[in-house]
Amino acid sequence: MAKVLVVTSGKGGVGKTTTTAAIGAALAQAGQKVVVVDFDVGLRNLDLIMGAERRVVFDLINVVQGIAKLPQALIRDKRLENLSLLPASQTKDKDALTEDGVGHVIADLRQMFDWVLCDSPAGIERGATLAMRFADEAIIVTNPEVSSVRDSDRIIGMLDSKTIKAEKGERVDKHVLITRYDPARAARGDMLGIDDVLEILATPLLGIIPESQEVLRASNLGSPVTINNPASAPARAYLDATKRLMGETLAMTVPSERKGLMNLLLGRRAA
Amino acid sequence: MSLLRFFGGHRASAPIARERLQILLAHERSTRGQPELLIMLREEILAVVSRHVTLDPDKVIVKMERGDTVSTLEVDIELPSGFERQLAAIA
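Keeping their order, the protein sequence lines are chains A and B. Residue 47 in this note's numbering sits at position 47 of the first sequence, with consecutive numbering throughout. In this note's numbering, each residue carries its 1-based index in the second sequence increased by 1000.
Pulled out of the complex, with its shape left as it was, chain B reads as follows (with noise of 0.2 Å):
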């Protein structure tokens, strides 16, 4: 099979869908089982920052630790190197 594929310039196509499934399942599993807000509050964060700067969907990150006697809402957004110039150009 690997003969034909060299002469054909066949390349084969299932380790790119088991490759691509391994990662989106990764992150699906991830989101899976978390609190309904905190889904809510990524995608909005998200769509409120892409507005201006072109994110990585995969950098931001939104956590919430609860205490006993105070919360706190960790949102971490990793920016791409170069986003001042994106944001001077709409400015």
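Just chain A, with the same shape it has in the complex (with noise of 0.2 Å):
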């Protein structure tokens, strides 16, 4: 049975986009027929974050309006062949988005795909209200940072309370996922704890993404950091992340660059 999973925050620029295409690619690698669909309206980067940019024709609103249809919007990844992008539109406005249109466009994807994948815009206006609407699962992006979390919190209650799966009296699994985290400045107490994040949003953890250049570095190439460097502390935190949403337990780790004794060396961080 497919699964619709929305990676939101609230917040914008804590790394939803980031997110979805390093955990899209990481479940495509692992076998899984994966779609990533941008619900950023106006201002869509997935495409540029999966390095489609130029491939872009068609768009979920066009789908939306019956200007095109589906198969003719999704552009098939050059690296991973089930991995697929529906590309939101740069030009439309985000009224043009209909929560019959976009419920129609899920459930078609559900037919054809394990994984449906939505990148929500930040804010908590109609791109986002209807990228969680028909989700089973959610991804909370969240900082270590006061309005970060704020905001994660205001997006759990809404996850609570403005789905379908809510309005069913069921429950969209939720998680969050902390990103950016930095473990030398947790302890020196100058970053809010993972206990803390976690105690206060009473919701549980799905992985630690460490800050790293690695990040940057893929999404100036356009690469997924899982696809483009997979042995990276992100990436390895991306992936373990991963296999937790596909069922597995693994024990929680901040996983730390590697650096080469040239790196060392040189006294340079490993990139």
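Where hints are given, some of them may not hold.
To be verified - In silico DMTMM-like cross-links for lysine to aspartate or glutamate, where the CA-CA straight-line distance does not exceed 20 Å:
1) A:Lys33 to A:Glu248
2) A:Lys165 to A:Asp100
3) A:Lys11 to B:Glu1028
4) A:Lys3 to A:Glu248
5) A:Lys3 to A:Glu137
6) A:Lys11 to A:Glu170
7) B:Lys1059 to B:Glu1074
8) A:Lys162 to B:Glu1036
9) A:Lys162 to B:Glu1028
To be verified - Taking CB as the label site, the calculated pair distances span:
10) B:Arg1032 to A:Met1: 27 to 33 Å
11) A:Gln213 to B:Ile1023: 33 to 39 Å
12) B:Ser1030 to A:Arg217: 31 to 37 Å
13) A:Gln213 to B:Met1064: 52 to 58 Å
14) B:Phe1083 to A:Ala184: 48 to 54 Å
15) A:Ala231 to B:Ile1061: 55 to 61 Å
16) B:Leu1037 to A:Ala187: 44 to 50 Å
17) B:Val1070 to A:Asp182: 56 to 62 Å
18) A:Glu199 to B:His1052: 37 to 43 Å
19) A:Leu43 to B:Leu1079: 24 to 30 Å
20) B:Ile1061 to A:Arg171: 55 to 61 Å
21) B:Val1070 to A:Lys162: 28 to 34 Å
22) A:Val57 to B:Leu1037: 46 to 52 Å
23) B:Glu1078 to A:Ala231: 38 to 44 Å
Unchecked claim - Interface residues of chain A toward chain B, partial, derived using beta-carbon atoms under 10 Å:
24) Gly157
25) Gly169
26) Arg171
27) Arg188
28) Met191
29) Asp196
30) Val197
31) Met246
Note that these hints are calculated values from the structure, not bench results. This one's a predicted model, so the numbers in the text were calculated from it and none came from an experiment. Note that the Cβ used here is the ideal one computed from N, Cα and C, for glycine as well.
Mind docking these for me? Both chains are given alone in their own frames, and the hints should help you get the complex.
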């Protein structure tokens, strides 16, 4: 049975799109049929992070409005054949998305894929509410920082009240993913710790992604970090999180960058 | 780390962040799911009274009880000590 997973956060810039791309690619590498759907109408970016920006012809809104058929709008990844992207429109505005229209697209995607990952826009407006509306599961991307935690709390409240599942009296399975975590700053007491965030949000932890230059590197290259450098610290953290999503139980660790001898001698960070 | 903090006079900021969040979210969660009308009433009542007396926003409580024949709106505002002086100053 296909699973619809929304990647959401409330706050912008915490790593939703990076996470959608990284986990989407990791699921596909594990043999799952995956589609990543960009809900950020007007400010699409998932195409860029996936390196497919020059291949976009049709988008989600074209499909919702019946201008294009779903298979025409899906872009198949060049590196992983069982990974596809459904881009958002860059020109239309978010009001072009209707609940019925999105519902039909999601229902069709459920027939074609094992996983439907919905990359939510920031905020709590229409794009964000529609991205979560049909979800079975949710990843709440949170930075260990007060404004991000507050917004995550708000989004958790919406997942518990404004989704189809919630309205039917069922629950959306929620997971917190902590990103941009810096163990050294947390140890110094200058960053909210993992326990602080989890206690406040009272939601199970999917993984801890350490702050890393590899994330920017991957986005510069248009390749999900789990494909671009699977041995890097953030990629290993994303790969672990993906295994947990698929039901495996793994010890929770914060991977660190392995420093090569040359890098150590030169005093530079492994890149 | 604590030694470093002791000598450096550096105070950890994370516990402060944690406490601020806990207080704020306790408040935000309590208003969630409340009827819009009550939230609006509370904000407007707070605004009107604040024109004359400086209030702690947390001390304004608006409740609605619905009965079969009669419904009541209960407004409970705790005034700070010395509020009469404030009022006198305005008048």
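Quiz prompt | Cβ separation of Phe1083 (chain B) and Ala184 (chain A), checked against the hinted range 48 to 54 Å | solution = 49 Å, holds
Quiz item: Does the Cβ pair Gln213 (chain A), Met1064 (chain B) satisfy 52 to 58 Å?
Solution: 54 Å, holds
Practice problem: Would you check the hint for Lys1059 (chain B) and Glu1074 (chain B), treating anything up to 20 Å between C-alpha atoms as holding? | Solution: 13 Å, holds
Quiz prompt | Per-residue hint verdict: Arg171 (chain A), partner chain B, C-beta under 10 Å | solution = 16 Å, violated
Quiz item: At the C-beta level, are Val1070 (chain B) and Asp182 (chain A) separated by a distance inside 56 to 62 Å?
Solution: 58 Å, holds
Practice problem: Would you settle whether the hint for Asp196 (chain A) is holds or violated, based on the nearest Cβ-Cβ distance to chain B being less than 10 Å? | Solution: Holds - the Cβ of Asp196 (chain A) comes within 10 Å of chain B, reaching about 5 Å at its closest.
Exercise. Just tell me: holds or violated, for the beta carbon distance of Glu199 (chain A) and His1052 (chain B) against 37 to 43 Å?
Key: At 40 Å between Cβs, range holds.
Practice problem: Could you check the hint for me, namely that Val1070 (chain B) and Lys162 (chain A) are 28 to 34 Å apart, CB to CB? | Solution: Roughly 33 Å apart at Cβ, these two residues keep to the hinted range, so it holds.
Self-check item: Given hint Gly157 (chain A) near chain B, where the shortest CB pair must fall under 10 Å
Solution: 5 Å, holds
Quiz item: In this structure, is the beta-carbon distance linking Leu1037 (chain B) and Ala187 (chain A) contained in 44 to 50 Å?
Solution: Since Leu1037 (chain B) and Ala187 (chain A) have Cβ atoms about 48 Å apart, the given range 44 to 50 Å holds.
Quiz item: Within a Cα-Cα threshold of 20 Å, do Lys162 (chain A) and Glu1036 (chain B) meet the stated pairing?
Solution: 16 Å, holds
Quiz item: Between Lys11 (chain A) and Glu1028 (chain B), is the straight-line Cα distance small enough, at 20 Å or below?
Solution: 16 Å, holds
Hint check: violations occur at hints 6, 12, 19, 20, 23, 25, 26 and 31; the rest are consistent with the structure.
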